[in-house]
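Sequence order for the protein chains is G and U. Residues 32 to 425 in this note's numbering are what the first sequence spells out, letter by letter. Residues 32 to 425 in this note's numbering are what the second sequence spells out, letter by letter.
Note that these hints are calculated values from the structure, not bench results. Any given hint might turn out to be false.
[Claimed, not checked] Per label pair, the in silico range of CB-to-CB distance:
hint: 1; chain 1: G; residue 1: Asp71; chain 2: U; residue 2: Leu109; range: 50 to 60 Å
hint: 2; chain 1: G; residue 1: Asp282; chain 2: U; residue 2: Gly229; range: 42 to 52 Å
hint: 3; chain 1: U; residue 1: Val384; chain 2: G; residue 2: Asp279; range: 31 to 41 Å
Yeah, the Cβ is synthetic: ideal placement off N, Cα and C, and Gly gets one too.
What follows is the residue order along each chain.
Protein chains: 2
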Amino acid sequence: MGDLLLTGAHLWGHDSPADVRMRAGVVDAIGSALDPSGADVVDVAGGLVLPGLVEAHCHLDKTLFGRAWVPHSAGDALAERIHNDRTRRHELGLPDPDRATALLTQMVAAGTTYVRSHTDIDPEVGLRGVEAVRAAAEQMAGRVTVQQVAFPQHGLVSNPGTADLLAAALEAGVETVGGIDPAGLDGDPVRHLDIVFGLAERFGVGVDIHLHDGGSLGAWELGLIAERTKATGLAGRVAVSHAYTFGDLSDAQQGHLIDALADAGVAIVTGAVYDFPVPPVKRLRAAGVTVATGHDGIRDLWGPYGSGDMLDRAMHLAYRSTFRRDEDIELALHAATYGGAQVLGVAPYGLAVGAPADLVVVGAGTAAEAVVTRPVRDLVVKAGRVVARAGELV
Amino acid sequence: MGDLLLTGAHLWGHDSPADVRMRAGVVDAIGSALDPSGADVVDVAGGLVLPGLVEAHCHLDKTLFGRAWVPHSAGDALAERIHNDRTRRHELGLPDPDRATALLTQMVAAGTTYVRSHTDIDPEVGLRGVEAVRAAAEQMAGRVTVQQVAFPQHGLVSNPGTADLLAAALEAGVETVGGIDPAGLDGDPVRHLDIVFGLAERFGVGVDIHLHDGGSLGAWELGLIAERTKATGLAGRVAVSHAYTFGDLSDAQQGHLIDALADAGVAIVTGAVYDFPVPPVKRLRAAGVTVATGHDGIRDLWGPYGSGDMLDRAMHLAYRSTFRRDEDIELALHAATYGGAQVLGVAPYGLAVGAPADLVVVGAGTAAEAVVTRPVRDLVVKAGRVVARAGELV
Chain G
32 MGDLLLTGAH LWGHDSPADV RMRAGVVDAI GSALDPSGAD VVDVAGGLVL PGLVEAHCHL
92 DKTLFGRAWV PHSAGDALAE RIHNDRTRRH ELGLPDPDRA TALLTQMVAA GTTYVRSHTD
152 IDPEVGLRGV EAVRAAAEQM AGRVTVQQVA FPQHGLVSNP GTADLLAAAL EAGVETVGGI
212 DPAGLDGDPV RHLDIVFGLA ERFGVGVDIH LHDGGSLGAW ELGLIAERTK ATGLAGRVAV
272 SHAYTFGDLS DAQQGHLIDA LADAGVAIVT GAVYDFPVPP VKRLRAAGVT VATGHDGIRD
332 LWGPYGSGDM LDRAMHLAYR STFRRDEDIE LALHAATYGG AQVLGVAPYG LAVGAPADLV
392 VVGAGTAAEA VVTRPVRDLV VKAGRVVARA GELV
Chain U
32 MGDLLLTGAH LWGHDSPADV RMRAGVVDAI GSALDPSGAD VVDVAGGLVL PGLVEAHCHL
92 DKTLFGRAWV PHSAGDALAE RIHNDRTRRH ELGLPDPDRA TALLTQMVAA GTTYVRSHTD
152 IDPEVGLRGV EAVRAAAEQM AGRVTVQQVA FPQHGLVSNP GTADLLAAAL EAGVETVGGI
212 DPAGLDGDPV RHLDIVFGLA ERFGVGVDIH LHDGGSLGAW ELGLIAERTK ATGLAGRVAV
272 SHAYTFGDLS DAQQGHLIDA LADAGVAIVT GAVYDFPVPP VKRLRAAGVT VATGHDGIRD
332 LWGPYGSGDM LDRAMHLAYR STFRRDEDIE LALHAATYGG AQVLGVAPYG LAVGAPADLV
392 VVGAGTAAEA VVTRPVRDLV VKAGRVVARA GELV
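Given these sequences and hints, build the entire structure.
Next up, the structure:
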C-alpha cells in the first residue's frame with residue numbers, strides 16, 4: 032500500500048492548515064509542505080479533517096437496514112417490546128450478516144472507522160448473532176474495525192444458560208462482556224454483577240452495561256458498578272450505556288455519582304435517543320469522566336430510527352444537551368471520536384503522528400458546523416487507505 | 032401555465048396508486064388513467080406524494096443562513112441571550128432579505144410550500160424585519176407562500192412604543208398578531224393579552240403567542256389565552272407556540288388544559304427543539320386540538336441549529352414523542368402538513384380535488400419512512416408548477 036498525503040487540510044484542534052502524510056496505515060507526519068514523493072496526493076482544499084468517527088453503542092445483529100421499510104409492530108410497554116423482539120426476529124431472518132453489512136457500509140460511507148456492537152446472546156439465539164456480526168465485519172475488513180459486546184438482552188440471572196453462552200462468546204474472542212439492568216430487568220443486581228465482573232476477570236475483558244433503570248434504583252446500581260470496577264481493578268475498561276437515571280437526580284445527587292464514576296474510572300455512553308434523559312455531558316467531562324456516544328438501535332424491532340451517521344448522532348447529543356456555542360458542540364463531537372476511542376480501548380487514536388491513519392474530511396468551516404450541518408463526507412480514510420468518497424464506499 | 036399530470040403516484044392516505052392532474056394551480060383530478068392531453072406528464076414511478084409541507088413557526092428575519100458559519104456568542108442565561116440578540120443583530124446586518132431568501136430557497140428545495148414567520152418588531156428595529164421578510168417573500172413568490180406574525184420579541188407592555196408598531200404592521204398587511212410570555216417576559220399578563228387580543232379584533236387577524244413560561248405559571252397563562260379566545264370569538268384562529276408548561280404537569284393537569292384548549296379552539300405549535308418539553312401530541316390530537324410544527328430559530332443569534340427541512344422537523348417531533356409505529360409517526364407528519372395548514376388558515380389544502388396544487392414527491396414506501404429517512408425531495412410542486420427537483424430549486 033502506498034503512502035497517502037492530504038494537502039491543504041484544516042485539522043480539528045489545529046490552528047493552521049497542514050498536510051497529513053500517512054504511511055503503513057499510520058499518520059506519519061503532520062506539517063506544512065510535506066514531501067509528496069511516493070505518495071498519492073489528495074488536495075482537500077481547506078476541508079475539515081476529523082479523526083475517524085467512533086460508533087460506541089449499536090446493535091448490528093438486530094438491524095433491518097438495507098431492505099424495504101418494516102413498520103414497527105410492538106406496543107409501547109416494555110413487555111410487549113421484548114415479546115415483539117423475541118417472536119419477530121426469527122420471522123424476519125435475524126440475525127442477518129447481509130443487513131449488518133449493509134449498515135456497516137452506510138457507517139463507513141459516513142466516516143465511521145470503529146464500531147462497538149452489543150450482540151444478543153441467549154439460549155434461543157445462541158451465538159448466531161455473534162457469528163453474523165463477525166461475518167459482516169469480515170466483509171468490511173480493512174474499512175472499519177468492529178468489536179462486539181456479549182449482551183444478555185433477555186436476562187442473565189433470570190435466563191438460565193445465558194451466562195455459559197456469554198463465556199463461550201468471550202472464549203471465542205468477543206471483546207467485551209455486557210449486562211443489562213441488574214435490578215430492573217434481571218431482578219438480582221448483586222448476582223448479575225457477580226457474573227458480569229466475574230467473566231471480565233476470567234477472560235481479561237472490559238465491561239459495558241446497559242442501564243435503563245431510573246431514579247434512585249438506577250443511581251444505586253451505578254454506584255454498585257463503580258464499586259465493582261474499583262474492586263476488580265478494571266478502571267478505564269468499564270462503561271455504562273444510557274444511564275437514564277441522571278435525568279431523575281438533583282444536582283447534588285448527580286455530583287456525588289459523577290465523582291464516584293470519575294474515581295472508579297467508569298465511562299458513560301449516551302445516545303441521546305428519543306425523549307430519554309441525556310446524562311450531563313459537560314459536567315461529566317469536567318469531572319474527568321469519559322463520555323462516548325452511539326445510535327443504540329438502528330432501524331430494528333426496537334424502533335425504526337437511526338441513520339448510522341455519527342455526525343447525526345453528535346448533533347442529537349449536542350442538541351439535547353442544549354449546546355449552542357462551538358466549544359460546547361465540540362464536546363458532542365469528542366464523544367463521537369476521542370471519547371468513543373477511549374471506551375473501545377483504541378489507542379493510540381486521533382489526529383496525531385503515530386496514530387492509526389483513520390480520518391474523515393468534510394466541507395465545514397468549524398467542527399461545530401460539521402455537527403450542525405452534517406455535510407456529505409468528502410473522503411474517509413481507514414488505515415491510510417481511502418475507503419469512501421463523496422458519501423459512497425470506494 | 033399548462034396542466035401538470037403526475038402518474039404512478041402513491042398518495043399519502045390513499046390506498047392504491049393514482050394519477051394527479053393539476054390545472055390552473057389547483058388539483059383538478061385524482062384517479063387512474065387520467066387524460067394526459069394538454070398536460071406535462073411526470074411519471075413519479077411509485078414515489079410517495081405528500082401535500083406541500085408547512086413550516087408553522089420560524090424566524091426568517093433573524094436567520095444567518097446561506098453565509099459562512101457564525102459561532103454562537105451568547106451565554107446560557109436568558110438575559111445574556113436577549114442582550115446578544117439586541118447588540119449583534121445590527122453588527123451582522125440583520126434583518127437581511129438576502130439571508131431570508133437563502134433560507135426560503137432551502138425550504139422550497141425541501142418541499143415547504145407555506146411558511147409562517149414570526150418577525151421581531153420593537154422601537155429599535157421598527158418594521159425593518161417585516162419589510163425584509165416581505166422582500167424575501169416577493170423574491171420567492173410563486174414558489175412558497177409566506178405569512179408573518181407581528182412579534183414583540185423584546186416585550187410589549189414592558190417595551191413602550193411596541194404596541195403602536197404592531198398596529199402599524201397589521202395595518203400594512205401583516206397577517207397575524209403575536210405575543211410572548213405575558214407573565215414571565217412581559218410582566219403583566221392581563222394587559223399583554225388585552226393588547227394582543229385587542230389588536231386581533233381591531234384588525235380581524237389571528238393570534239400566535241410564544242409561551243415558554245413553564246409549570247403552573249405557563250398553565251395558568253394557557254388557560255387565560257383559552258378564555259380570551261372564547262371571549263373574542265377567535266376559535267380556530269389562535270395558536271400557542273412552544274407551550275413548554277406541558278412538560279411540568281401531571282397527567283390530570285394536562286387533561287384539564289387540553290380540554291380547555293379543545294373547547295376554545297386554540298392550536299398548539301411545537302418545534303421539539305433542544306431538550307425543551309414536547310407537548311403531548313397524541314393526546315392533544317385525540318382531544319381535537321390542532322397541532323402544528325416548525326423549526327423556531329434556524330441558524331441565528333439564538334442558536335445555530337436547523338436545516339429548514341420540515342421532514343427533519345417532523346422526525347424530531349416524532350422522535351421526541353417516542354413515536355415508533357407508522358400511524359404514530361404520521362401524527363408528526365400531520366403536524367408538518369395538515370396541522371400547519373390549519374394554523375396558517377390555508378383552506379382548502381391537501382391531496383384532494385379542489386385544493387391548491389402544492390405537493391412534494393419523495394422516494395419512500397410509507398409516510399413514516401419518509402419522516403425517518405428524510406430522502407431528497409424528487410419533485411416539489413407549488414400551485415401546479417414544478418419549483419424544485421432532486422433537492423434543488425428549478
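Looking back at the numbered hints, which does the structure fail to meet, lowest number first? 3
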